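Peer 1: Its first residue numbered 1, the sequence shown is counted upward by one per residue in the working numbering.
Treat each hint with caution, since some may be false.
No farther apart than 30 Å at their CA atoms in a straight line, the calculated lysine-lysine pairs in the DSBU-like style are these [said to hold, decoys possible]:
| # | residue 1 | residue 2 |
| --- | --- | --- |
| 1 | Lys619 | Lys676 |
| 2 | Lys544 | Lys230 |
| 3 | Lys619 | Lys173 |
| 4 | Lys645 | Lys245 |
| 5 | Lys245 | Lys544 |
Here are the simulated distance ranges between beta carbons [unchecked claim]:
| # | residue 1 | residue 2 | range |
| --- | --- | --- | --- |
| 6 | Gly620 | Phe510 | 38 to 48 Å |
| 7 | His615 | Lys312 | 35 to 45 Å |
| 8 | Tyr319 | Arg441 | 13 to 23 Å |
| 9 | Tyr319 | Cys622 | 41 to 51 Å |
| 10 | Cys622 | Leu298 | 35 to 45 Å |
| 11 | Gly515 | Ser625 | 16 to 26 Å |
Just so you know, these hints were derived from the structure itself, not from any lab.
Note that this is a predicted model, so its numbers are computed, not measured.
Ideal Cβ placement from N, Cα and C applies to all residues, glycine included.
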Amino acid sequence: MAAACPLCGSAQALKEESIDTAAVVTAASGHKPIAGLLKGELSISPEGLGNLPKFMGVNDLFKTLQLMPGIQVSGEADAGIYIRGNDSGHNLVLLDGAPIYSPSHLMGFYSIFNGDHLAGADLYKSGISPEFGGRLGSVIDISSRTDIPETVTGSLNVGLISSQGTVGVPLGKKSAVYVSGRGTYMDYIISRLSVSGQFTPDYGFQDYNATWTYCPDEDNNIRLSMYYGKDRADFSYLSYQARAKMAWSNAAASLSWDSGLNGRADMRHAIFFSRNGNDFSIRQAGASMSLPSHLMDLGYRGSVGMNLPYGKLSAGIFYTFHDVAVQYPVIENLYGRDAPGVPEYKTHEFGAFVGYSADIVPGAVSADIGLRYSFCLQPLASGAPVFYSCPEPRVSLSWDAAPNLRVITSYSLQSQYVNQVAVSGIGLPVDFWMPASSQVRPQTAHSVTAGIFHAPGDGMFEYSAELYYKKLSGQLEFDGNFFDMVNREYIVGDHLLSGTGQNYGAEFMFKKNYGRVTGWVSYTLGWATRSFPEIAGGRPFPSKHDRRHNLSVVATYSPVSRLELSAVFVYASGLPFTMPVSVYIVGENVLSEYGDRNGSRMPDYHRLDLSATWHLRQKGRCRHSFNLSLYNVYARNNPIFMDVKVNYDEQDNTVVLSPEGISFYRLLPSLGYVFKF
1 MAAACPLCGS
11 AQALKEESID
21 TAAVVTAASG
31 HKPIAGLLKG
41 ELSISPEGLG
51 NLPKFMGVND
61 LFKTLQLMPG
71 IQVSGEADAG
81 IYIRGNDSGH
91 NLVLLDGAPI
101 YSPSHLMGFY
111 SIFNGDHLAG
121 ADLYKSGISP
131 EFGGRLGSVI
141 DISSRTDIPE
151 TVTGSLNVGL
161 ISSQGTVGVP
171 LGKKSAVYVS
181 GRGTYMDYII
191 SRLSVSGQFT
201 PDYGFQDYNA
211 TWTYCPDEDN
221 NIRLSMYYGK
231 DRADFSYLSY
241 QARAKMAWSN
251 AAASLSWDSG
261 LNGRADMRHA
271 IFFSRNGNDF
281 SIRQAGASMS
291 LPSHLMDLGY
301 RGSVGMNLPY
311 GKLSAGIFYT
321 FHDVAVQYPV
331 IENLYGRDAP
341 GVPEYKTHEF
351 GAFVGYSADI
361 VPGAVSADIG
371 LRYSFCLQPL
381 ASGAPVFYSC
391 PEPRVSLSWD
401 AAPNLRVITS
411 YSLQSQYVNQ
421 VAVSGIGLPV
431 DFWMPASSQV
441 RPQTAHSVTA
451 GIFHAPGDGM
461 FEYSAELYYK
471 KLSGQLEFDG
481 NFFDMVNREY
491 IVGDHLLSGT
501 GQNYGAEFMF
511 KKNYGRVTGW
521 VSYTLGWATR
531 SFPEIAGGRP
541 FPSKHDRRHN
551 LSVVATYSPV
561 SRLELSAVFV
571 YASGLPFTMP
581 VSVYIVGENV
591 LSEYGDRNGS
601 RMPDYHRLDL
611 SATWHLRQKG
621 RCRHSFNLSL
631 YNVYARNNPI
641 FMDVKVNYDE
651 QDNTVVLSPE
661 GISFYRLLPS
671 LGYVFKF
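Whenever a hint applies, use it, and build me the whole structure from the sequences.
Peer 2: The structure is reproduced here in structure tokens:
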């Protein structure tokens, strides 16, 4: 299908390029299978997602990414995505150019992205262009649909867990609008499948997308994109008669203009807005505490690229205004007082970048070289403003050693001026963001990678192997707990420790692209350690999300033309946690003595998911299908955290500590109906 504007995504050239770079995910006959693996990049198109296993009846972007090498298998109820040992807050997630600070819903079932509204997503794990910055880890660049349909199109997906719908309406021959909505009623299902006596969850979310695109000619595209999503959760923990309420939301908007400049150059301008707000409250025995926080961004990015005789030169500028309110406690009926709030931080982040891509040896060796310079400024009511800056060099070299055999290596220095502070360890809304300040320095990371990618013969099979190492500085650790926040003199900076970290490991992937049976096996052996002078005498300890082994096995099978069967098996080493080694009873108080920091491990994580999709006969433009999905088929008890119980033995007069895994659910079925026109 051809359309009027190649920039709007509907031109055949762009469509073919998208399929070509998506070779990691889905095969595309006639294109180089190795293209999707080069330089640590990965592109996923809606066509690629459609052929993959469905999670709870839908194709979810983040769930698919978590099956790739280097991306850690998330645990139950963990909404984060962890890439090459980095924390979830180290990833730069962009939706049409607007940063998203909380890209997943609670319980880890879904990301906030409605797959039917998307045109594609690009993941950069290494060799990251100087165009992207502000994070220490990977970049996930997501774009909404901008093609111009000839008539009204749409899709509807109705399931037991959630429902979603998308409608695309042409506004003449040069403009179109897409609107999507999604909601869940999973609390009705999970409350009946949850483990009795532990949690009684009540949870739901909503997502809304709207995108307007305008292509005045073949060289220009203007796009307005908006998103809003809200989560709410209500948990009762029966053991302590405690009740927690959570509410958090994401809002984002961007206006962009892309110009092809007659093929000799390209230019892009974008202004964006993003806001993430959290509010967590807990009530027990008549007392309550609330912990609100928010992060708002308003910014601009502009870039231009020029095709030169021996390569391509690109340059650009960027600016972001950060308005951050870190968590502050609001107390009721506890000691008869309220705790004071923490002032908001207002930070300005500026910078510029330049990059150059060229063939050093035509057809054999190529290089991407770039420099990004960034700085942040935080005005103060009294005294000199806080100022930090960082030059960020980037270089990537690739060598085509033989047909369909490529070797790559890269180095980058990245900085981050707004950092996530993990309090819960599982991505709950009690985690908050903290900007660089007089008390907190920016984070930096030196990254080195090397890899080999090969697609022998006709490309039916392909494999890759990569090594990575990252040295991090300015890592943050929250050394307090909820009870510290009720202190009248609570100052968040006093509870933040600064340290260093190391991430290193190896990734392997083997993939079968063609035939009735397709799929892949990915395996990552990785280490992620942190060191803080105030913890364990400065000795390294595993980070909260350190998993030694991560294995994913994906298989799809089509026995007949209209039936698709798929299976996913994942295995990961247990996450670390700090285990109490002894308890003391002093008066009526129980005091615990803890062992080494993150010195114990939760049980290993593994599960099997099955999915079957039956496509009904197509009638005109209408297509119908049914999907049956089973999540965690053999009902493995994968705990979200460990509850350490204290048992007293009256005969021996001893106290025994027994850790018990706490889970929300086990087996989750889903039945869905999909209608497209």
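Peer 1: Hint says 38 to 48 Å; check whether the CB-CB distance for glycine 620 and phenylalanine 510 agrees.
Peer 2: Distance hint for glycine 620, phenylalanine 510 holds at roughly 41 Å.
Peer 1: Is it true that the CA of lysine 645 sits at most 30 Å from the CA of lysine 245?
Peer 2: It holds: about 24 Å lies between the C-alpha atoms, which stays within 30 Å.
Peer 1: Could one say that the CB atoms of cysteine 622 and leucine 298 fall in the range 35 to 45 Å?
Peer 2: At roughly 43 Å between Cβ atoms, leucine 298 and cysteine 622 fall inside 35 to 45 Å, so the hint holds.
Peer 1: Does lysine 230 lie within 30 Å of lysine 544 when you go C-alpha to C-alpha?
Peer 2: holds (27 Å)
Peer 1: Given the hint that lysine 619 pairs with lysine 676, test it: the Cα-Cα distance must not exceed 30 Å.
Peer 2: Distance of about 11 Å is within 30 Å: holds.
Peer 1: Given the range 16 to 26 Å, decide if the beta-carbon distance of glycine 515 to serine 625 lies inside it.
Peer 2: holds (22 Å)
Peer 1: Does the beta carbon distance between tyrosine 319 and cysteine 622 stay inside 41 to 51 Å, or does it fall outside?
Peer 2: holds (47 Å)
Peer 1: Do tyrosine 319 and arginine 441 keep their Cβ atoms within the hinted range of 13 to 23 Å?
Peer 2: holds (21 Å)
Peer 1: Taken at face value, is the distance from the CA of lysine 173 to the CA of lysine 619 at most 30 Å?
Peer 2: With Cα atoms ~26 Å apart, lysine 619 and lysine 173 stay inside 30 Å; holds.
Peer 1: Could you see if the CB distance from histidine 615 to lysine 312 stays within 35 to 45 Å?
Peer 2: holds (43 Å)
Peer 1: Within 30 Å, alpha carbon to alpha carbon, are lysine 245 and lysine 544?
Peer 2: holds (24 Å)
The structure fails none of the hints (numbered hints given earlier).
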